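Letter by letter, the chains look like this.
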Amino acid sequence: MNFIALKMLIGDRAKYLGILMGLTFASLLLTQQAGIFVGLMSRTFGFLTDTSLPSIWVMDEKVQFVDDVKPLRDTDLDRVRSVEGIEWAVPLYKGLLQARLDNGNFQSCNLIGLDDATLIGGPPIMVQGTLADLRRSDGVIVDEVGASGKLAKVLPGGRRVPLQVGDTMELNDHRAVVVGICRTTRTFQSQPMVYTTYSRATIFAPRQRKLLSFVLAKSKAGENSQVVCDRIRAKTGLAAYTHKQFVQLTLNYFMKNTGIPINFGMSVVLGFIIGTAIAGQTFYNFTLDNLRYFGTLKAMGAGNGKLLGMIVLQALTVGAIGYGLGVGAACLFGAASNHSELAFLLPWQVLALTAGAVLLICVGSALASIWKVMRLEPAIVFRS
Amino acid sequence: MRAFEELNMNETEKNGVAVKCTGLRKIFGEGTAAVQALRGVDLDVRPGELMMLVGPSGCGKTTLISIIAGILDQSEGECVVFGHNFRAARQSEKTRYRGENIGFVFQAYNLIPTLTAAENVAVPLLVQGESRRKATERAREVLRQVNFDDRMMGAMPSQLSGGQQQRVAIARALVHQPKLVVCDEPTSALDHETGQTIMELLRKVALQDGRALIVVTHDARIFGFADRIAKMDDGHIERVVNSPAELNGTRK
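These protein sequences, in sequence, are chains A and B. Take the first sequence: its letters are residues 895 to 1278, numbered as in the numbering used here. Take the second sequence: its letters are residues 53 to 304, numbered as in the numbering used here.
Hint data in this document are derived by calculation from the structure and do not stem from the laboratory. Computed from a predicted model, the values in this text were never measured in an experiment. Where hints are given, some of them may not hold.
Simulated coverage check for chain B against chain A, where a stretch passes if three residues somewhere in it have a Cβ under 8 Å from a Cβ of chain A [said to hold, decoys possible]:
1) 111 to 118
2) 121 to 135
3) 161 to 169
4) 175 to 183
Glycine included, every Cβ here is placed at the ideal spot set by N, Cα and C.
For reference, chain A alone in the conformation it holds in the complex (with noise of 0.2 Å):
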């Protein structure tokens, strides 16, 4: 029964193409549209993502995300030390700061001060030059997008070339020289990002009563981060954070203040409401038109069970076809779109929703038929 039932799909190649596209479709929207939507959100902890050796933040209790800094005092560092299984503990400068270009004109920059000693929340990657670069007079590491982009130096035919190691910049009127190009995650932010030592980061920024962002800390080998975290809080009044939660906390401080969810929804619900029209009509007046042909099965000693497991078959397999088809082009997308500005992530979670999302239409679509296949006479096969 397997075989007529394919057979009976596969034969009539214009619904059939008709089924299978609808639920490309489908599977394409969701896919591509959830795939956009989780790389837009993870853009909102790229930060975090690229500062990964930390297993603690502490920060202002008030601060909702990660682009929110609310300075705390020097002295709170040495508080953080002081609390039992902190292993290290080490200062990190997080703010917006203007840098005058060659031609005049104003960027902001987004400036991270790391700790001198340490250097820890360095970018992940170094294209050109080294972390330890920055230890030299005035030095700084941009981001490659941005020394390419917003930062790069415009000459007199208007042509764009890129900041290069040992190019001078102006940070708030402060002279910095480009010591490395380095890869950052995308952030949320467009600014282009600039490192350098924490105590030169003090002395670029706007002067300040408190300058310190973040204390970066990692909890001692057996220590539980949490348990850390929770002396932290109790100890120093301070909000602490495993790296995880600080993740969470950023990324739902976006889903609950921004209509990116809501706008991306919308697309993922109209991609699934448009599959499940375009495949379950098709799939519905596919089996409309094989209704004879089913009431000739069932004349013949068919039962309904028979002839249900024809249509699932059908429907799941149209379905398989349509998500793999889907998923495939969106992948593509996803390749050719690797080195653009478009986020696109596509972990398993997306490929599952998508699944799943895709079985729905599939069962939507099969219902309809079944219902009518179930109802169906076989005395229709004497109806000329």
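Chain A is fixed; fit chain B onto it per the hints.
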């Protein structure tokens, strides 16, 4: 299931009656919209007999064979087919019985357009759970019996002529060796010559092993192939005759 079969084994089969209908009534719809399609039909069909049901359109021929074939439930009366009374049977029992014991030939052939001729013939065996290889082998055998060209067995129905399609339909009706074959207007879509050939074939191949054959037709040119002809009118059997000549003559 076995109990159902044994319970329903009655005298009809032992006495050499393939189909016995008694007081068969069928009403479609309810209340003022009710239509009586059958108004108390009594009919016997013997094993090895070709019985033709003739009569004007709407006289209840198709309704009658639908009930005999177990694909429609009667409103009243009894219909016993080779000892089995469908009235007492569950739907699943009827379906199984149909699959094993009844063959169908339809006016519009009802061949599945996406299956080849041989695959179409194999369908009743596949429905019964036979393996594809065995079913196709058997289908080819039966197709040869209905003089179907070997080269055409892989052809799709759309590539076959009306006569060839009806041969395939006949082979499909016989492939699982049913006890009863019901044919609805098997020649109405065919020209005279092809119609005659198909009927000769039906008589020759279908009426073997005590099989009963019921043919519903309007086509007076094939009346001569019948062993008996039941003339229906307005939902009942007007008379049963042995030859076409008797149809317009004396009542039997």
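Okay, the hints, checked on the actual structure:
{"no.": "1", "hint": "111 to 118", "in the structure": "holds (count 3)"}
{"no.": "2", "hint": "121 to 135", "in the structure": "holds (count 3)"}
{"no.": "3", "hint": "161 to 169", "in the structure": "holds (count 5)"}
{"no.": "4", "hint": "175 to 183", "in the structure": "holds (count 5)"}
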